[in-house]
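Protein sequence lines, in the order shown, are assigned to chains A and B.
Residue numbering for the first sequence is 763 to 1013, as defined by my numbering.
Residue numbering for the second sequence is 8 to 116, as defined by my numbering.
These are computed hints drawn from the structure, not numbers from a lab.
Take the hints with a grain of salt, since some may be wrong.
Claimed, not checked - Taking lysine-lysine and the DSS-like style, the derived pairs with C-alpha atoms no more than 30 Å apart in a straight line are: (1) A:K952 with B:K114; (2) A:K952 with B:K84; (3) B:K12 with B:K114; (4) B:K53 with A:K955; (5) B:K84 with B:K62; (6) B:K114 with A:K955; (7) B:K47 with A:K822; (8) A:K952 with B:K108; (9) B:K89 with A:K952; (10) B:K12 with A:K822; (11) A:K952 with B:K12; (12) B:K53 with A:K822; (13) B:K114 with B:K47; (14) B:K47 with A:K952.
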Amino acid sequence: MRATHLIALVVAVLVAVTYFALQSSGWILVAVTDVMFVLGSGACSILAFSAGSRWGFRGKIGIVHSGIFLGVFSWFVSDVAYLIYEVVLRITVSFPSLPQTLFLVSYVAIALGLLQFLWVFRGGLRRIWVLAAVGIGALMFCLGCVLLVGPLVASGVDVFVKAFYVAYPILDLVLFVFALLMVFAFSGGKVTKPWVWISLGLFLRVLSDISLGVGQLQGWYYSGHPIEIIQLCAYIGFALGLDEERRAFLA
Amino acid sequence: MNSPKQAENFNSLLAECIQETMVSLLSRQVANAVYERLEKDYSISKDELPSHLDKLLLILEETFGHSVDVIGRAIAKSFYAKLGFDLSRLPREDLVYCAEKAKRMLKSS
């Protein structure tokens, strides 16, 4: 096990312990967990920029790295906005609001970056791999539907707000399928590993966004709920992937 | 390297190193897609590649930006190792320069 993997594991355990230890701490729980999100997305932003700088922001791969950096940086800005709303201003973030809109921006940036790269290498992708990636995506979509449709129908929230709850997991899924295709495109080369971690991060984001959606619609979710651990683990997966990408064959 | 046979061996060895390096660094799928683009955009086949290294570098640069230097250097390193030459004694030049230099070194040996 590499040192970075060990650090990631220790961080994940510490995050989980912190969540459970602070469950009855009220405002401290909100503050600490919001800070953890800012640190997570901040670390990912730095690593994304570093990976982009190492590979260069030119060429098709440069657009991929620019997209990832912009996307991850949007997460960071969004997390900072959450922190300001909840901890500094002590306002409960309404849905949808600026932080959530920023999250949507991040999807566009990452998706466009990945799509233009995959388009160039579409000839090298075997049909079976494309089918496998889309199939996995479809299975997860079905899982999302099973979990989300009931609460969506039962909930009395506005249709526009409901659209947001559906948009996140779907957009996560699209990115997850793209990332899987990147794994397949680079499989056998030295650049596979970063994309495996990034795919894992996106997979966790899908699970996290479905859980958060269900939690918010059913009313059991609150800021600092342990379900957020999944999202923080997604950041850890992303960070590991970006760190691997930074170190890839350019070392 | 005076005879056509030697030139052919030189080119086939270089083509082999290009393929091996691209597959090991990037993947077979990416290598195939690069060959496909060379064929489509410049009508250059895999075997003709050693005579059109500039086009290979152009496509790699369009795709991988300045990482093309690393890929080119890795190809040159593998090629020089197979020829029994020491690449570390050469200045950090691009693949085209390294291939030309190797050709000259073979001619004079």
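Results for each hint:
{"no.": "1", "hint": "A:K952 with B:K114", "in the structure": "violated, 35 Å"}
{"no.": "2", "hint": "A:K952 with B:K84", "in the structure": "holds, 17 Å"}
{"no.": "3", "hint": "B:K12 with B:K114", "in the structure": "holds, 13 Å"}
{"no.": "4", "hint": "B:K53 with A:K955", "in the structure": "holds, 28 Å"}
{"no.": "5", "hint": "B:K84 with B:K62", "in the structure": "holds, 19 Å"}
{"no.": "6", "hint": "B:K114 with A:K955", "in the structure": "violated, 42 Å"}
{"no.": "7", "hint": "B:K47 with A:K822", "in the structure": "holds, 18 Å"}
{"no.": "8", "hint": "A:K952 with B:K108", "in the structure": "holds, 28 Å"}
{"no.": "9", "hint": "B:K89 with A:K952", "in the structure": "holds, 22 Å"}
{"no.": "10", "hint": "B:K12 with A:K822", "in the structure": "violated, 38 Å"}
{"no.": "11", "hint": "A:K952 with B:K12", "in the structure": "violated, 35 Å"}
{"no.": "12", "hint": "B:K53 with A:K822", "in the structure": "holds, 22 Å"}
{"no.": "13", "hint": "B:K114 with B:K47", "in the structure": "violated, 34 Å"}
{"no.": "14", "hint": "B:K47 with A:K952", "in the structure": "holds, 26 Å"}
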